[in-house]
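Peer 1: Starting from the structure of chain A, add chain B where the hints point.
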Amino acid sequence: MSTQIPKQTEESSETEAETDVASKGDERRAEKRRRAAEERARRQAEEAEKAAADEDTIELKVFRYDPEVEGKQEPRFDTFHVPFTKGMTVLDALMYSRDNYDSSLTFRHSCRQAVCGSDAMFVNGGQKLACKTQIVDLEEPIRVEPLPHAEVEKDLVVDMEHFYDQMEAVEPYFQTDEYPDGELEEQRQTRENREKVKMSTRCIWCGACMSSCNIAAGDNEYLGPAAINKAYRFAMDEREGEEMKQKRLEIIEQEHGVWRCQTQFSCTEVCPKDIPLTEHIQELKREAVKNNLKFW
Amino acid sequence: MSQSYNRGLIEDFSRWREFEAGMWAWIFHKFTGWVLIGYLFTHIAVLSTGIPAAGASEAAIMAGEDVYTQTIVSLESLLLVRLLEVGLLAVAVFHMLNGTRLLLVDLGVGLDAQDKSFYASLILTGAITVASVPTFIAGAF
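The listed protein sequences correspond, in order, to chains A and B. Take the position in the first sequence, starting the count at 1, then add 149; the result is the number in the numbering used here. Take the position in the second sequence, starting the count at 1, then add 1048; the result is the number in the numbering used here.
Chain A on its own, in the form it takes in the complex (with noise of 0.2 Å):
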């Protein structure tokens, strides 16, 4: 079971502090944390056992990686056995190991309704949306790692901050110097031009696209489907204006913009809110080519 590993250097830790600190109550406090430990594992043990031998439950293989613990800086995969219920997702059923197996077990999670896009990971070999991913839907052993093509943290935690900055570098907020006349007046949009954004605007920053892209995997300055499809949803809103739209074009059209995206079409199948990445992207080259193109 996977708890065997972390058991150990725990007790080991625990000795090494009852060596240091010789006071009566600290000893037996100590003792006492022990003996609970020992009891939790063994309960634990029990109930994987009894959830391994039950035929309703589900086999969970988890990517495992711990840089702070000796026994667990190789990386390694844990099985868990969980309890189905009707409606389960990956989210729920790492929850359940976390909380009944192994509370080491590490994941981001939030809102878990596919709002925050805080839970992307690996799931039988496509990046997905823990959270709404249904268990019915996968086949067995489910095995959940990482996202790749990050760097791992902990477990099924990666560094997004090399995501985010690509995501900051087009600017992703509303600017303008085009005004309406009246002080007062509100910045409209046109409903077609609220269309044509709509789906741009579904992005949740969880970084599936990016983890998929085998064009962003080998470069890395390369701004990424997600970052791109946000400037797309700034470049196509109208109430920017056009002397703002030139800045974006000049943003997305460099050496590492939308020019290096080879149409795989891995970015728009992974995404969890169904974002036509592929389109965006091909429109906004095209934007880009119509803008440099003179015909005089």
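By construction, these hints were calculated from the structure, which means they are not laboratory data. As the structure is a computational prediction, the values presented were derived from the model and not from experiment. Warning: the hint list may mix true and false statements.
Just the calculated beta-carbon pair ranges, DEER-fashion [unchecked claim]:
1. A/Glu320 / B/Gly1156: 23 to 29 Å
2. A/Lys210 / B/Leu1095: 53 to 59 Å
3. B/Gly1147 / A/Gln324: 38 to 44 Å
4. B/Leu1131 / A/Asn440: 47 to 53 Å
5. A/Glu344 / B/Gly1147: 30 to 36 Å
6. B/Trp1082 / A/Gln338: 45 to 51 Å
7. A/Val264 / B/Leu1084: 45 to 51 Å
8. B/Gly1147 / A/Gln283: 36 to 42 Å
9. B/Lys1164 / A/Glu344: 21 to 27 Å
10. A/Asp286 / B/Pro1182: 45 to 51 Å
Glycine included, every Cβ here is placed at the ideal spot set by N, Cα and C.
Peer 2: Relative to chain A, chain B alone:
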């Protein structure tokens, strides 16, 4: 965090079973593109034998004894060359059809059907290749 684990690019090609249509199209397009570039050089080398052949006497050319005809005939007599020609046709046809598909993708036409158009170009390539076999292999055995 003091340390992090970089799994690198290992999963990319060991996971080929999980690739989607668009990824396969990209791989095949790259591969066929390189094959065609390689073929271009051998093509030029073979055709270049026509330069000394043009200096040969008319009688030799009529009799088919010049360098160019000799080269072509000896190449065509090899079974391997005949098989490679079928392969070359398959590679070229796929590259053309998928190139058309990519052109449509660039124009923003039918991006929702990009996987279907990939399968269509695969099937069409197969059909054309099979249909070409009698022509290429005739008399090779």
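Peer 1: So, for every hint listed, does it hold in this structure?
Peer 2: Hints and how they fare:
1. Roughly 25 Å separates the CB atoms of A/Glu320 and B/Gly1156, a value that falls within the hinted 23 to 29 Å.
2. Range check, A/Lys210 to B/Leu1095: Cβ separation about 57 Å, and the 53 to 59 Å hint holds.
3. The beta-carbon spacing between B/Gly1147 and A/Gln324, approximately 39 Å, falls within the hinted interval of 38 to 44 Å.
4. With their beta carbons about 49 Å apart, B/Leu1131 and A/Asn440 fall inside the hinted range of 47 to 53 Å.
5. Checking the proposed 30 to 36 Å range against A/Glu344 and B/Gly1147 shows it holds: the Cβ atoms sit about 32 Å from each other.
6. A beta carbon spacing of about 47 Å between B/Trp1082 and A/Gln338 agrees with the range 45 to 51 Å that was offered as a hint.
7. Distance hint check: the CB atoms of A/Val264 and B/Leu1084 are about 48 Å apart, consistent with the given range 45 to 51 Å.
8. At roughly 39 Å, the beta-carbon separation of B/Gly1147 and A/Gln283 lies within the given 36 to 42 Å, and the hint holds.
9. Look at B/Lys1164 against A/Glu344: about 26 Å separates their beta carbons, and that is inside 21 to 27 Å.
10. For the hinted restraint 45 to 51 Å between A/Asp286 and B/Pro1182, the CB-CB distance of approximately 47 Å keeps it satisfied.
In the structure shown, no violation is registered for any of the earlier numbered hints.
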